[in-house]
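Engineer: Okay, here's what each chain looks like letter by letter:
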Amino acid sequence: MKRPSFHIIRPLLLTGARSSSRWFSYIGLGIGVLLLLLAQQLYIDIQALVKQTSIRKNGFDYISITKQITNENMGRDNRFSPTDLDSLRQQSFIQGAAPLTSNRFEVVATAGDQIPFASDIFLEALDNEFIDTVPPGFDWQPGQATVPLIFSSDFLEMYNVFAPSYGLPQLSMETASNVVIGLRCEGQKGGATFRAQIVAFSDRINSLLAPKEFLDWANLEFEGLPSANASRVYLKTTDANNPDLLQHLTQKSYRVNKEKTAFGRSKQILQGVIAGLGIFGVLVVALALLLFSFYLQLMVARSRDNLQLLLTIGYRPDWLSKQVARRFIPVYLAVVSAALAATQLMQYGFHQFVMYNRPELSSLLHPSVWVTAIVLTGLSIFTNMRMVRKLLYGLS
Amino acid sequence: MLLLPQLRNRGCGFFISLSMLHIDRIRPTYFEESACAHSEVWLQRVNVEPGERIQIQAPSGSGKTSLTHFLYGMRREYVGSIQFDSVELKHMNPDQLADLRLEKLSVVFQDLRLFLESTLRENFEIKRQLTDFHPATCIEEWAKRLGIGHRLDTPARLCSYGEQQRASIIRGLLQPFKWILLDEPFSHLDDANARKAMDLILEESEKQGAAILLADLEIVPHYPQTRLLRL
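Chains as they are written, first to last, in my numbering: chain Y, 1 to 396; chain G, 1001 to 1231.
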């Protein structure tokens, strides 16, 4: 078949149907695509932010447990034995368990001349995987004079509450990080003095954490004993509210520190909201395509006589449907491009003015958002072509 | 009559086509068999050979328009078989049917079926551009010949029924064809105009070696038929 010009048959088609229904479907499609792209980009942004503020969280909840102290078991050894730890690790709803080991020797911390402060303290150690903020270099090797420490944010807050009463200066996180602390370690087998520096603050762990290598070495070196059984254990789980997990812990008479799981939960909720936004976007896109199919049906119904006559005099339904469908490709491209541009603008605004140019985010859209936009354009064009084809073959 | 074999390329090689139309014992499903008893078409075998000029004479209500629509593949409420070049019409898909109408089969409907909002020229071009078989100058020439040259740029709805009928005939000729179906083509034309239209149809059909199937209430006097069939 020779290709006749569409120009000559154009007036016979695409007329009659109200343009308002067409514009409604375009706007609906635009809003749907915008919501979908925005949800995807926000999801990616949140992943990046959460990753930064909580290294190695990876979507897991971390909870700490202790053995319940009651009148009956008071005075007994209420620490976790290696058997207890193995039993915990074997549970399907627990992805990891790490003991919070502590020092068996005496430790006295001083804050130098500037801050006249000295106190007996305790040190604890935990596998790095279980710590929410692990800065680079949080490790220690024998012979190293400086010991990096992770300090509980709560402890700093507590210090700042009481410091003025003792004539001590209040400290910001930055200042506290710059204070050189003297660590005097004294045990039955000897002692040594180290310099220590706070390298990070932890929201989740109420302790003063030293690298595990240091504590294991020092317990052996100063006290001649390996690190003792821990009275606190950290658990890694996909869901801290899993009924099986809670039931198991209750059964074993373990006490859970639930408060510290709040951050993990709020992250999940936030991701849930974003996923909900994405699903809403998908629904709006589907609705817009449905609306567009109504518009096409209306258009075909109104041009029915003309279309039928064209098919009768020898126009191929195949060619005719391609010609009609092709008219809408630029529209789809324009709609998705506009939604993409709006998403880009919002991401730029979010990064620059809400997140103050945080380095872990980008002002530009993530490549996967572009891929989604391309896929959506293809999907719209494909469904449109199929619809027109079905309608025209129905007439012939 | 001599059958001229034609070579046709169908994409998978060449084969010989005889350009034959076979009508094999067809009957509208809404006609009783007894109503077709005296018909020379219904329930009969009719082979239409290239270049034949068949007159189908049919009184009102005997199914003349139904026959045209069946042969043109527009309706399928019939039993029996219609084959163009050995291909069963009922088995053709919409695109194959479009190809048949584009390359081999033309029609002039009794109810004309023009695009009423388009001008006569646009009506012609819509058809002509499909195949580009005839040059655009044909339109002017034939319209003048049938006396509607001055109406070419007038919307069809503003033309008289006689003018529309002549336009419908010209449109039917603006393509290649091996068979042309004419359903009461001169019903609104005076003798002189009917004769001019007939001459044009005969001339074009002869050029293309095509068969004509003309259906009318009465025998058309100026139609040099080679076979008369009563419906």
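Treat each hint with caution, since some may be false.
The calculated EDC-like cross-link candidates involving lysine to aspartate or glutamate, where the alpha carbons are at most 20 Å apart (straight line), are [what the hints assert, rightly or not]:
no. : chain 1 : residue 1 : chain 2 : residue 2
1   : Y       : Lys252    : Y       : Glu72
2   : G       : Lys1207   : G       : Asp1095
3   : Y       : Lys390    : G       : Asp1095
4   : G       : Lys1104   : Y       : Asp127
5   : Y       : Lys212    : Y       : Asp318
6   : Y       : Lys189    : Y       : Asp216
7   : G       : Lys1090   : Y       : Asp318
8   : Y       : Lys322    : G       : Asp1099
9   : Y       : Lys322    : Y       : Asp305
10  : G       : Lys1104   : G       : Asp1132
11  : Y       : Lys322    : G       : Asp1095
12  : Y       : Lys212    : Y       : Asp127
Since the hints were made in silico from the structure, they are not lab data.
Engineer: Next, verify each hint and record whether it holds.
Structural biologist: Okay, the hints, checked on the actual structure:
{"no.": "1", "hint": "Lys252/Y with Glu72/Y", "in the structure": "holds (15 Å)"}
{"no.": "2", "hint": "Lys1207/G with Asp1095/G", "in the structure": "violated (27 Å)"}
{"no.": "3", "hint": "Lys390/Y with Asp1095/G", "in the structure": "holds (13 Å)"}
{"no.": "4", "hint": "Lys1104/G with Asp127/Y", "in the structure": "violated (84 Å)"}
{"no.": "5", "hint": "Lys212/Y with Asp318/Y", "in the structure": "violated (72 Å)"}
{"no.": "6", "hint": "Lys189/Y with Asp216/Y", "in the structure": "holds (15 Å)"}
{"no.": "7", "hint": "Lys1090/G with Asp318/Y", "in the structure": "holds (19 Å)"}
{"no.": "8", "hint": "Lys322/Y with Asp1099/G", "in the structure": "holds (17 Å)"}
{"no.": "9", "hint": "Lys322/Y with Asp305/Y", "in the structure": "holds (19 Å)"}
{"no.": "10", "hint": "Lys1104/G with Asp1132/G", "in the structure": "holds (14 Å)"}
{"no.": "11", "hint": "Lys322/Y with Asp1095/G", "in the structure": "holds (13 Å)"}
{"no.": "12", "hint": "Lys212/Y with Asp127/Y", "in the structure": "holds (7 Å)"}
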